[in-house]
Amino acid sequence: MKINQLSLFIENKSGSLNAVCKVLAENNLSIITLSLADTEQFGIMRLIIEDWQKAKEVLENAGFVVKVTEVVALPVDDSPGGLAALLSALDANNINVEYMYAFTYKYNDKALIVFRFEDTNSAVTALENSSIDTLSALELFSQKS
Amino acid sequence: MIAEINECLECRSVGIWDKNETLERIELEALQLERLKKSLLQATKVPFYQQEFAKLNIDVSKDINSLADLRKLPFTTKANMRDNYPLGLLAVPKSELSRFHGSSGTTGKPTFVGYTKNDLELWSDLCARFLYSGGLRKEHVTQVAFGYGLFTGGFGLHYGIEKVGASIIPASSGNTKRQIMLMQDIEAEILICTPSYALTIIDTLREMNIDPSELNLKHAFFGGEQWTEDMRFKIENALNIKCWNNYGLSEIIGPGVSGECEYHTGMHIQEDHFIVECLNPDTLEPVGEGETGELVITTLTKEAMPVVRYRTRDLCKLYYDKCKCGRTTARMGRVIGRSDDMLIIRGVNIFPSQIEEALLRVEGIAPHYLIEVSRPNNTDLLGIKVEMTPELFSDQMREMQKLKEAISREISSIIGIRANIELVAPNTLERFVGKAQRVTDSRNLVD
Chain A
0 MKINQLSLFI ENKSGSLNAV CKVLAENNLS IITLSLADTE QFGIMRLIIE DWQKAKEVLE
60 NAGFVVKVTE VVALPVDDSP GGLAALLSAL DANNINVEYM YAFTYKYNDK ALIVFRFEDT
120 NSAVTALENS SIDTLSALEL FSQKS
Chain B
0 MIAEINECLE CRSVGIWDKN ETLERIELEA LQLERLKKSL LQATKVPFYQ QEFAKLNIDV
60 SKDINSLADL RKLPFTTKAN MRDNYPLGLL AVPKSELSRF HGSSGTTGKP TFVGYTKNDL
120 ELWSDLCARF LYSGGLRKEH VTQVAFGYGL FTGGFGLHYG IEKVGASIIP ASSGNTKRQI
180 MLMQDIEAEI LICTPSYALT IIDTLREMNI DPSELNLKHA FFGGEQWTED MRFKIENALN
240 IKCWNNYGLS EIIGPGVSGE CEYHTGMHIQ EDHFIVECLN PDTLEPVGEG ETGELVITTL
300 TKEAMPVVRY RTRDLCKLYY DKCKCGRTTA RMGRVIGRSD DMLIIRGVNI FPSQIEEALL
360 RVEGIAPHYL IEVSRPNNTD LLGIKVEMTP ELFSDQMREM QKLKEAISRE ISSIIGIRAN
420 IELVAPNTLE RFVGKAQRVT DSRNLVD
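Protein chains in written order, with numbering that gives the first Met the number 0: chain A, 0 to 144; chain B, 0 to 446.
Check before you lean on any hint, since a few could be wrong.
[Claimed, not checked] List of simulated lysine-lysine pairs, BS3-like, C-alpha gap at most 27 Å: (1) Lys-66/A / Lys-403/B; (2) Lys-401/B / Lys-12/A; (3) Lys-55/A / Lys-401/B; (4) Lys-401/B / Lys-66/A; (5) Lys-401/B / Lys-384/B.
In case anyone wonders, no lab produced these hints; they're calculated from the structure. Just so we're clear, the structure is a prediction, and the values are computed from it rather than from any experiment.
Given the sequences, and given the hints that come with them, work out the whole structure.
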């Protein structure tokens with residue numbers, strides 16, 4: 000199952016991150032997890048937020064450029080070799096990972112990792128064929144708290 | 000229609016190349032009128048001018064009887080040159096040409112200009128005039144650090160130096176350390192380059208721990224870009240040389256339209272070959288002497304490409320009072336700006352519309368942008384800030400880097416030089432009501 004991720008363009012200067020967080024705070028929206036990719040001059044902030052539609056709307060109203068991308072959340076054994084095993088399965092299916100980042104909470108004692116695949120749909124099919132669990136948004140957000 | 004060259008020993012002894020530079024105004028104007036009539040007949044061999052004259056119902060063989068009648072004639076613009084690309088404005092068959100040169104244009108293609116053998120001879124002589132008036136003599140070793148190519152600077156100055164009889168190191172542009180080596184080892188006395196390149200040479204000398212007094216330099220002739228008295232002061236002091244300003248543009252002939260004499264009272268215009276007008280760019284009415292206006296030039300003696308009332312878009316002042324050097328020609332002050340939005344960056348002509356076109360090519364939409372021109376280390380830098388839009392943005396860094404590269408590539412394919420692309424957040428560039436301010440220029444090019 001796929002979940003929706005929001006990406007924002009931010010300039011690499013002080014206050015940029017906080018500007019995003021303030022808008023979310025004012026609207027009582029919680030960031031489940033996030034990642035930052037940065038260059039000397041600009042960055043891309045990626046957010047997982049339960050009510051992503053509302054977050055998108057308020058951020059856009061605040062003047063941010065927001066893009067919605069489908070990503071996949073995968074539970075991974077939280078033990079040595081856990082991630083390696085998963086990545087081997089992905090490699091075996093020729094699935095390219097664009098980027099990945101972890102959740103701050105666990106799912107049934109497993110680590111949770113967000114994957115952005117080059118081709119999300121074929122990645123999901125390949126994962127299902129390999130009997131690798133992907134989590135729906137419902138399952139994912141029921142875990143927090 | 001060979002313009003006779005007046006080698007005059009009496010003139011040469013007082014530092015004047017050609018006796019036509021010293022004509023009384025009444026004689027000069029008679030010569031101008033006679034040459035104008037011939038030049039307009041030459042122009043009627045160009046279909047474009049035939050049409051333009053016909054539109055205004057002008058028969059140039061009858062209707063031009065005084066210099067005042069010049070104002071009846073139509074203007075020629077850069078757009079006319081572009082519309083007649085590549086060689087539509089030639090008044091002679093292509094087989095009569097000896098040379099092509101060009102300047103950058105707004106559509107990525109240069110504007111080509113053609114020269115006959117006589118035109119090249121004229122050009123050499125015009126360049127010899129300002130070089131001679133700035134002190135170049137037969138015994139000097141000169142170094143030409145202008146690019147030799149389509150750009151008129153390199154070849155024009157080369158011919159002028161040859162004409163005076165001095166020797167030439169055709170170093171061409173770039174590779175500053177090698178330039179300095181040539182200057183040291185062959186003991187160049189005269190340097191030809193852009194003023195900003197002279198500043199680069201000064202910095203490089205410092206880096207290399209070379210005292211400028213070890214060089215043999217005496218004079219430099221600068222052109223190709225706007226500069227200031229402040230820069231002259233800096234360069235003259237640092238290199239212990241005298242610097243001379245000259246002006247020209249490829250659409251007219253290249254360098255040689257005007258140049259400074261020893262008194263630095265402005266650049267003497269070669270009025271026996273060009274008629275200049277200084278007009279208010281909005282009303283196209285003449286401005287008063289000493290008032291800023293747009294320079295409009297009519298060529299009088301060119302064969303391949305006679306040009307009628309060319310709107311240079313360069314803003315300057317004209318002076319007609321007598322100069323102590325003995326020349327009687329009108330003088331123009333430094334170019335202090337443009338009446339359009341053209342920028343000259345490292346000698347390349349750039350219009351903001353070209354940047355817009357490049358941005359349009361990338362994603363089919365034109366985002367908000369700002370052109371920032373600066374000169375951090377004596378070299379012009381072109382920076383473009385591009386505001387992010389939903390269409391341009393991607394969650395993948397790879398795609399964002401690709402976008403920056405694509406913008407950079409499109410820009411350099413259109414204007415020929417690289418720009419630093421900076422992606423900025425939406426709504427960070429100032430919005431304007433009416434005409435957008437697309438450029439900031441921090442080079443301080445005006446005194």
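The hints, checked one at a time:
1. Of the pairs offered as hints, the one joining Lys-66/A and Lys-403/B holds, with about 18 Å between alpha carbons and a cut-off of 27 Å not exceeded.
2. Proposed proximity of Lys-401/B and Lys-12/A is supported: the alpha carbons are some 22 Å apart, at most 27 Å.
3. This hinted pair checks out: Lys-55/A and Lys-401/B have alpha carbons roughly 25 Å apart, not beyond 27 Å.
4. At most 27 Å may separate the alpha-carbon atoms for a hinted pair to count; Lys-401/B and Lys-66/A meet this at roughly 17 Å.
5. Under the criterion of a C-alpha separation no larger than 27 Å, the hint pairing Lys-401/B with Lys-384/B is consistent with the structure, at around 16 Å.
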